[in-house]
Amino acid sequence: MSETVSIPKLTKDDTKKLDGIFKRYPKNEASLIMVLQDIQDEIHWLHPDALDRTSEELDVPRGRVESVATFYRAFALEPRGKKLVKVCMGTACHVRGAGMLVDEIERQLGVTAGHGMSEDGLFSLETVNCVGACAMAPVVVVDDNYYAEVGTGKLEKIFKQERKS
Amino acid sequence: MSAAKRKAKTFKKPDELIAYADEQMAALGRRKMELRVCAGPGCVARGANKIYDALVREIDANKAALKKKGLEVDTAFKAKCTGCHGLCQAGPVVSFEPSGLFYTRVQEKNVKGIVDKTLLEDETIESLLYHQGHEKGGDIVEHYNDIPFYSLQTRVALQNVGVLDPVSFEDFIAHGGMRGFIKALTQMTPDEVVEEVAESGLRGRGGAGFPTGRKWKGALRVKEDRVWLICNGDEGDPGAFMDRAIMEGDPYAVLEGMLIAAYALGATDGFIYVRHEYPLAVKHLQYAIEHLREIGLLGKNILGRKMDFDLKISRGGGAFVCGESSALMRSLEGKVGEPRAKYVRSVEKGYRDEPTVLNNAETFVCVPRILDKGAHFFASMGSETSKGTKAFSLVGKVKNTGLIEVPMGRTLREIIYDIGGGIMGDRPFKAVQTGGPSGGCLPADKLDLPVDFDTLSRAGAMMGSGGMIVMDDQTCMVDVAKYFVKFLIGESCGKCVPCREGLRQVHTLLEKITSGRGELSDLEKIEKLCHTMEVASLCALGKSAPYPVTSTLQYFKEEYLEHIEEGKCRAGVCKDLIRYEINKDCIGCLLCKKRCPVDAIEGENKKLHVIDQDICIQCGICYDVCPVDTVDIISGGVAVNREDGGAKAKAKAPAKA
Ligand SMILES: Cc1cc2nc3c(=O)[nH]c(=O)nc-3n(C[C@H](O)[C@H](O)[C@H](O)COP(=O)(O)O)c2cc1C
Ligand code: FES
Ligand code: FES
Numbered sequence: 001m002s003e004t005v006s007i008p009k010l011t012k013d014d015t016k017k018l019d020g021i022f023k024r025y026p027k028n029e030a031s032l033i034m035v036l037q038d039i040q041d042e043i044h045w046l047h048p049d050a051l052d053r054t055s056e057e058l059d060v061p062r063g064r065v066e067s068v069a070t071f072y073r074a075f076a077l078e079p080r081g082k083k084l085v086k087v088c089m090g091t092a093c094h095v096r097g098a099g100m101l102v103d104e105i106e107r108q109l110g111v112t113a114g115h116g117m118s119e120d121g122l123f124s125l126e127t128v129n130c131v132g133a134c135a136m137a138p139v140v141v142v143d144d145n146y147y148a149e150v151g152t153g154k155l156e157k158i159f160k161q162e163r164k165s
Numbered sequence: 166m167s168a169a170k171r172k173a174k175t176f177k178k179p180d181e182l183i184a185y186a187d188e189q190m191a192a193l194g195r196r197k198m199e200l201r202v203c204a205g206p207g208c209v210a211r212g213a214n215k216i217y218d219a220l221v222r223e224i225d226a227n228k229a230a231l232k233k234k235g236l237e238v239d240t241a242f243k244a245k246c247t248g249c250h251g252l253c254q255a256g257p258v259v260s261f262e263p264s265g266l267f268y269t270r271v272q273e274k275n276v277k278g279i280v281d282k283t284l285l286e287d288e289t290i291e292s293l294l295y296h297q298g299h300e301k302g303g304d305i306v307e308h309y310n311d312i313p314f315y316s317l318q319t320r321v322a323l324q325n326v327g328v329l330d331p332v333s334f335e336d337f338i339a340h341g342g343m344r345g346f347i348k349a350l351t352q353m354t355p356d357e358v359v360e361e362v363a364e365s366g367l368r369g370r371g372g373a374g375f376p377t378g379r380k381w382k383g384a385l386r387v388k389e390d391r392v393w394l395i396c397n398g399d400e401g402d403p404g405a406f407m408d409r410a411i412m413e414g415d416p417y418a419v420l421e422g423m424l425i426a427a428y429a430l431g432a433t434d435g436f437i438y439v440r441h442e443y444p445l446a447v448k449h450l451q452y453a454i455e456h457l458r459e460i461g462l463l464g465k466n467i468l469g470r471k472m473d474f475d476l477k478i479s480r481g482g483g484a485f486v487c488g489e490s491s492a493l494m495r496s497l498e499g500k501v502g503e504p505r506a507k508y509v510r511s512v513e514k515g516y517r518d519e520p521t522v523l524n525n526a527e528t529f530v531c532v533p534r535i536l537d538k539g540a541h542f543f544a545s546m547g548s549e550t551s552k553g554t555k556a557f558s559l560v561g562k563v564k565n566t567g568l569i570e571v572p573m574g575r576t577l578r579e580i581i582y583d584i585g586g587g588i589m590g591d592r593p594f595k596a597v598q599t600g601g602p603s604g605g606c607l608p609a610d611k612l613d614l615p616v617d618f619d620t621l622s623r624a625g626a627m628m629g630s631g632g633m634i635v636m637d638d639q640t641c642m643v644d645v646a647k648y649f650v651k652f653l654i655g656e657s658c659g660k661c662v663p664c665r666e667g668l669r670q671v672h673t674l675l676e677k678i679t680s681g682r683g684e685l686s687d688l689e690k691i692e693k694l695c696h697t698m699e700v701a702s703l704c705a706l707g708k709s710a711p712y713p714v715t716s717t718l719q720y721f722k723e724e725y726l727e728h729i730e731e732g733k734c735r736a737g738v739c740k741d742l743i744r745y746e747i748n749k750d751c752i753g754c755l756l757c758k759k760r761c762p763v764d765a766i767e768g769e770n771k772k773l774h775v776i777d778q779d780i781c782i783q784c785g786i787c788y789d790v791c792p793v794d795t796v797d798i799i800s801g802g803v804a805v806n807r808e809d810g811g812a813k814a815k816a817k818a819p820a821k822a
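Top line first, the protein sequences correspond to chains A and B.
Taking our numbering, I'd label the letters of the first sequence as residues 1 to 165.
Taking our numbering, I'd label the letters of the second sequence as residues 166 to 822.
Among the hints, erroneous ones may be present.
Said to hold, decoys possible - Selected chain A positions facing chain B (Cβ under 7 Å, derived; list incomplete):
1) Y72
2) A76
3) N129
4) A133
The set of hints was computed from the structure by calculation and includes no laboratory data.
Just so it is clear, CB atoms sit at the ideal spot from N, CA and C, and this is done for glycine as well.
Here chain B stands alone, though its shape is the one from the complex (with noise of 0.2 Å):
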């Protein structure tokens, strides 16, 4: 990430700091060409940062030539690294400012030619465009404003990620940066800041959706010294990253949030919670606290103001359970990361038993936007009771996976086929899982409810933080609802009967009809266990851990049924009730044979290849290996792979476009 020098120019009125938004603004207006590489966390692990250091040399060693086309490096011309563009799905991706070119599929080797043709001759490298659909012979779409993954989005907590140098203060200022933050300081009074956050109808993105602004006015009414305020990072969903994406592409905006809240409440001291596998986000995050220092934009008289605000990171400790609130506070504290129970709030007595006021990375993120753009521009987005809009990963069997955002109130259809592409390989789809370990997963005559906090609530999932896992043919529910079972094993905190025994019950459970030894009395048990678990659950966690279960066994109970009474999963997936066959069109590549681990595939040069059943482990290499598809998955007496029009048969790669 190019770490852009530091001014160390300390702001001491907010005059001054107006005068160099300015500036910034100005020099940004001079900029002709602007190059963004794309180092989201997607990117990055195709490897981006090597494509951003080529550039760069690349870029270098064309300096004159450039300046001579007007586009004098670092200041006509800039390239630079930035947050999660969203479409990650087509990632490494790069794009240029103003023209709004998209390369995808990016490599090293493509560097050279960017520069060379696109930079210096204005030509587009064909091969790099963007495919719909990520498959050749998708319409060619040059323009990342032309693509549906993009045009029907509407970004404003994403708003500048995938925009920005995450680590320049230059660049955060010149896109309208501690806007939102000198106007409530400037002119609002600490009571119309939160009036205006309230007005504005924000409610937290953390999962719950309290109503943002009374949480706040509750703060304001306890009336002691100090008030704690705290920034949750911890982002336990498994499959959601769209804090992390925010933390790491857009870190200035989390701490401007900060200090309109501190400013509002009058908070002088916080954290960021942030949890232990984003290093990343840490870094930028750090790096922005301490410039904000060092300007005179965190610590004692800010701008000259009577207004002191500082704060810390810590760490999370990679425990799911510690996202809540009360938890996270434990964890602050140094202790092990219990909850406890709702009565006591955190407003009065939160971290060390003071008043705190703990909000998600996502809700700081959309206070500066409100501040700036008045409470009335948020509130004229969404839905009914859900006001703005709201960021998601879409992710799971989708085509467009990536980070998106739209108004609340948009249905699951339009963000699952209209932006996300609809599902790879163009399979049937199943069913979408939000809400994380906490949600539900709902089915396809449910594709037309619009997300919003309180409607998919309803329909017994819930819309949580964001994640969204999209799921096809291929995947079995029970399954799925093992899965985030075993998931709340691994993390719950043990404190209370019904949340740690229920959930090692109803895993037993669930295992036995996975593995074939299912009985019909014991999806009554589940059910019981699930209402006992719901009911007397000391913290959310606990109480929300059904969701997965019932939501399943409410929509796709055939599922279970199927698996009870046929020993049949239908997906291919439950590996006790499926076994691999090799079929009569069996080239005789030996390949599949030369692969096995455990030698269990007989065959000679061109002949039949045969598995022997007692040997096979289902460890389902040959069905990947097998260039010709002819390799079975035999459950309840049928090939599930060529069913249905082949579930589980291969899906067509999402092709390199």
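This is chain A alone, in the form it adopts within the complex (with noise of 0.2 Å):
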């Protein structure tokens, strides 16, 4: 588990992004939260230099930026691995074992949940609650791929696929 990460530069397919982003919204507060939304949707967190352009850009306090970015859950404000991996926690997969998971996806993949990624950079881990499949509970996603009625006996498996793929 890698405790302090190193955080990487903008890469010039980021700044484009960014550019992309600032054009398609009015330069005002009310553009904050859809602008941090496309950012973590295209540069997968809120890199701080990111955070800095927004601040600029839409002519709010870097700490106004700081204080939404961190409230809302949907943002990461660490670097992520290449995949994503969620245990849902809604009530419905709670009900039907859950709780299980997240500790032994954490001892397996070496990563904590919201925090970090797994030492290959493969893996970031994080608990969400209600992808509305509670039909299939305890469901796991992994970018898109949804794993039904998910026991930990079934994540060795999971991860040995995701892996390959």
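Could you fit the two chains together into a complex? Lean on the hints.
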């Protein structure tokens, strides 16, 4: 588990994405959340440089940008692994045993839910509340792949498969 | 999703739209058969999109043969993707109209058979039919209308979810879409519309149950130029997906509801606030908004009348508290979503401190039905104080997990047993949790309570927005209380002390109890803290946060006591209070030994295996993988998975019928 996360520079590609995002919205505070969401979607986390730029472009104090970024769960303030593993912790999944999954995934991948990534940079882990597939609880989602009725016994196979693809 | 080609024609008068609706209805009338592939969240997660694509290819390849049968593709016959059909447990599902033939657990490999046999030869594929209780041996039911899960429902808000292609305006209008709006616009004054909604008895579906008509009347009294209209599609209740199903499956209806409200209230601008985990809902709503703009149903001078209304989608940031109306409005302003005290009324000072009317997505969807069929239609259903029908997501340990809608006042038992088919694996029922993190858990002796806004609140739970989570004997009620408290800690905005600190302390105490270090005095402390939160928190999140705890304490105190006094978790859930042991029936297959991640299992081929308790981390993998069910869960000195006819004994897997 990497404790100190080194911060990569924004790539040229990232900067271009940012340009595009700022073109889309009026330059004021009301756009803040939408802009941050687009950054999250396109760069996958809120890079400090991107936050600086958001503050400038929208003319919102940096502190305010920061507080909004930390308030909403949708935003990641650290870089993420190539694949995002989401464990549903919604009530339906919880009562069907999702609680066991997080510990075991953390152990198997060497990650902490909500922080950092696995040593090989492949996986980050997050818990989410209800992905709407409660009928298949407990649900684990890796990027866009849904896994249904997941018990701890199934995890090894899932990650083996995900490592290959 | 098959994005139907847009018709760029603009409707300049209501009559033109009415004529168009007639055309589309006639076209639908000429359709001989429709095949509906469910593309709701559950079915998509099981691969519904691939099934649909494969079906389209297969149908295309058989166009000529279908035509010969009188099923000309796109006119006499149509295959489409729809929103959630409801019975997610059986997904991916495919249905046929008008016969009502219903296929379950469909896989890509079945597609060829569906076209060759069912479409071309009128043959039913037995292996895809629904079995009662999802179990082999259960009665086979061919048509969905004959499955109690469906036949016992009354669908109003959900009437077209699972029926329509969500991104086809033609389909929407052919099924009666926009009739409510046209009627309001052409035959009623704004006041009459508000009166009609008031008369229907409609109460807000977002959880609090505030009478919608009264809210709207309040807004009419505020004499300001501008009223904002907001649709709350945040749906933060974990385990609930009614609003999602509506926004994804019938997006035009949400917009129609908002159009009617805009007409009635004179609103010119609006928002739909959608939870960020719902990308498909955003996509469908966005499509529908743009389309309505193109055809003159949004924007300036709608249908040539003096009515302007337009709206935007705003994606939520994924904070539960943002579903609360005042926090939502702050979030729309781009700010941190902190609620404010209730005495400020948002119909006077809401979004940007201007008059604002906010309703839940399901509430808005009920409005066109009320206008179309009349207030009486809606008011004739439901209970004394809660009129109409209500959508629920019926989930957890119930056989027919899915999305349902019933008249208010049905009992919990009817919902869970008659519609839901009972408990998975026919295990004992323990509790049902309603109202999400603001609600409570009700025990078996409350099963005959009618479900409406007021009855469940009196029993210490609340109906809430419609999440209904069924729990069996394998659910630990202390753990459930802890789960909700933990959820709320993550979601409390932290602005007020009783909520922020109260939740933390309650969590610490519950943690103490579930880890076996609890004392009797902890229960009193918890009760006190809960009381303080209830009376002193700033917003409804904090005020209602204690309910999951107080309701479990009220109805399941013996479980708390067992944890404290006997160090026993009867459900076998609390890790610190259980250990895994392999019993004498072990066949020595080595499977658990191989799979144990910490090498805690000793054993040789064909010999009894033993778990070294000093090494074991209670991951439960051995329990999960044992092919002959010989791993026991020991708590309080007994195998809790064997007691009482096997609490925690593996439920019969919901057999793939
Ligand atoms: C903590 C909290 C969370 C809420 N979450 C939602 C939600 O996700 N969706 C919703 O429609 N209402 C939610 N509400 C209720 C709203 O504040 C508001 O009452 C409702 O949206 C009004 O619409 P209605 O009258 O049509 O129900 C929440 C309330 C609280 C206190
Ligand atoms: S609770 Fe996990 S998908 Fe709904
Ligand atoms: S998602 Fe297909 S039935 Fe619910």
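Check each numbered hint from earlier against the structure, then list the numbers of those it violates in ascending order.
2
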